[in-house]
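Residue numbers (our numbering), protein chains in the order written: chain V, 1144 to 1485; chain P, 1144 to 1485.
Any given hint could be a false lead.
Because identical chains cannot be distinguished in the list, a pair is counted as satisfied if it fits within a single copy or across any two copies.
[What the hints assert, rightly or not] Straight-line alpha carbon distances no greater than 20 Å define the calculated SDA-like cross-link-like pairs of lysine to any residue that follow: (1) K1260 x N1442; (2) K1441 x Q1360; (3) K1239 x E1315; (4) K1150 x K1397; (5) K1288 x L1346; (6) K1239 x G1469; (7) K1150 x A1406; (8) K1288 x N1254; (9) K1444 x D1396; (10) K1362 x E1470; (11) K1255 x I1307; (12) K1263 x H1200; (13) K1263 x D1164; (14) K1286 x Q1212; (15) K1288 x E1395; (16) K1441 x E1160; (17) K1304 x G1363.
Hint data in this document are derived by calculation from the structure and do not stem from the laboratory. Predicted, not measured: the structure shown is a model, and the values here were computed from it.
2 protein chains.
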Amino acid sequence: MNYNDDKINMTHGAGGEVMQDMISNVILSNITKTSVNGGIGLEQLDDSATIPLYDDHVVVTTIDSHTVQPLFFPGGDIGRISAAGTLNDISVMGVKPLSLNNAMVISEGFNKADFEKIIKSMDETCQEVGAAIITGDTKVIDKDKLDGMIITTAGIGIGKKENIVSDAGLNEGDKIILTGSIGDHGMAIMSQREGFGYETDLLSDVAPVWSMVEAAQSKGKITAMKDPTRGGIANALNEMSDKSGFGLYLDEDKIPIKPAVHAVSEMLGIDPYEVANEGKIVMGVEPDNAEAMLEAIKNTKYGANAQIIGEVTKDKYVLMETSFGGERIIEPPIADPVPRVC
Amino acid sequence: MNYNDDKINMTHGAGGEVMQDMISNVILSNITKTSVNGGIGLEQLDDSATIPLYDDHVVVTTIDSHTVQPLFFPGGDIGRISAAGTLNDISVMGVKPLSLNNAMVISEGFNKADFEKIIKSMDETCQEVGAAIITGDTKVIDKDKLDGMIITTAGIGIGKKENIVSDAGLNEGDKIILTGSIGDHGMAIMSQREGFGYETDLLSDVAPVWSMVEAAQSKGKITAMKDPTRGGIANALNEMSDKSGFGLYLDEDKIPIKPAVHAVSEMLGIDPYEVANEGKIVMGVEPDNAEAMLEAIKNTKYGANAQIIGEVTKDKYVLMETSFGGERIIEPPIADPVPRVC
């Protein structure tokens, strides 16, 4: 694959280093104004942007197009992922999601019953956090010009400035919490595509993460946070390390991986660290409250398997002590190994 | 065409009555929470939604997917329309657009130079109103699964509650201002597709409308407002009439149509009243200030050909006095006659 020719290729949208390159060189370099009122803007490449208001409040907003294939997969569908994906990008800024904007581009001939299922699934997901769907747009295009459907959701949350958590705020000594098992979503998609989807007990983890953020915040300070979607925890942890200037030291034994995910990842030769999750968070927390925050997360619907997986170091690397007692550098992936994962 | 079978067809996304039906029966009926804090929400089907804040301010937000074909057309490109379309939906709520979220789904193999042109065009359009592009998302999908690119933009404006203008507020006696000639965008797209695009002087009108809203508001009160995109002024005027419960009486001689638009519409048998505009506004204004507001609009970059085209009546119809002295009812279109117009 040639990453530098004059055409866009799959890696340009795969959430890894090639995509970051394109964003910097083609997108950021051509946009004049990238933030409002000194808020977090496009250049920070955080999960959401912020618009500070005239007092101590702030509007948090984000957008994501969802192109997941297949549209229905074990554990979820494009409706659930379109809602959860955007609600989660707001949530990991530390603020409760209030509302979604929903834009759908549908292929002519799309089955109406499936369409209705997708809308219902989107609504159910919003209900889990009490978010409203307040505005939308519907376009239909010729069936030979689009496969299935694309759902783009934007979201808004409004909160206090003091609660905003960027992905750049790690400090030396912070503990790293991972809220559950890794690779479930990407591997569920892959195994479905490979034709053994419903023969395993592999389910996508797609879910709204807000309750876990709220629980953690009730017990202490989150210093940095991301939801590890495209590029998996390998990408999220490296981004948090890069942006803070600190390193991470992780304990492989603490990182939960389900046996079915492990089996499928071995079979397909895909690293579960580099695969998308859709209902997990990696967060840095102040060490003194780490245990209390972990317990609070464990008591939420989606947080039962949360773990403290490591801590922030002076180094520049994301380093992991392996189960066999060795050490391994977790590199940022070039791209997500699973195309159209979200 | 059967509008009621079990598959989605082109009319379901064409901005007319069939689309309104689907929105009511499949989308609205399945969504539990459609507004926040008593603001304008999904059910109002207005150009944007509003989130009232804790004091006298309000957040205005909207979303639109842009699937225009061809991507480059006389007078604009998908970048300009993606920015203007969303900035305009905020503007016609009476509030200055602050920021855009930009989500792009790109077909593998897309030309990078074209991609960069599109980003630049988007940025230039934002600069006309001082809006920032604060967050984004990029996805790439296989070239046989998507034709070209889809750009979805969401936008935010923040203003005072007292300045919000819905599309439902017409009162009997209000004057109707149209800010310029109709059909330019839809006809430019059609004539380009039919192969005589660059032989006519037909240019899309795609442009940000904010300066016209600001000018009008400086001289009086706007009672209702829409930008007549899909379905043209026929759709916009009928929606404003329906929602207010009042009728309209229009003067055909006052509605500006460029000779090239007239010629192409005759040739293709397409009614310019039903065709998308991308840089125009129809607004209801208090009669006492109508002339002053018109003059203010005429002094802006895109408002030189603005006209008072009629007034609000007790009737329930959108009625027009024709150039020949007869009367014609302007019906709401079933669908926009130009597919993939925006």
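Looking back at the hints listed earlier, which ones does the structure fail to meet? Hint check: 1, 3, 4, 5, 6, 7, 9, 10, 11, 12, 15 and 16 fail, others pass.
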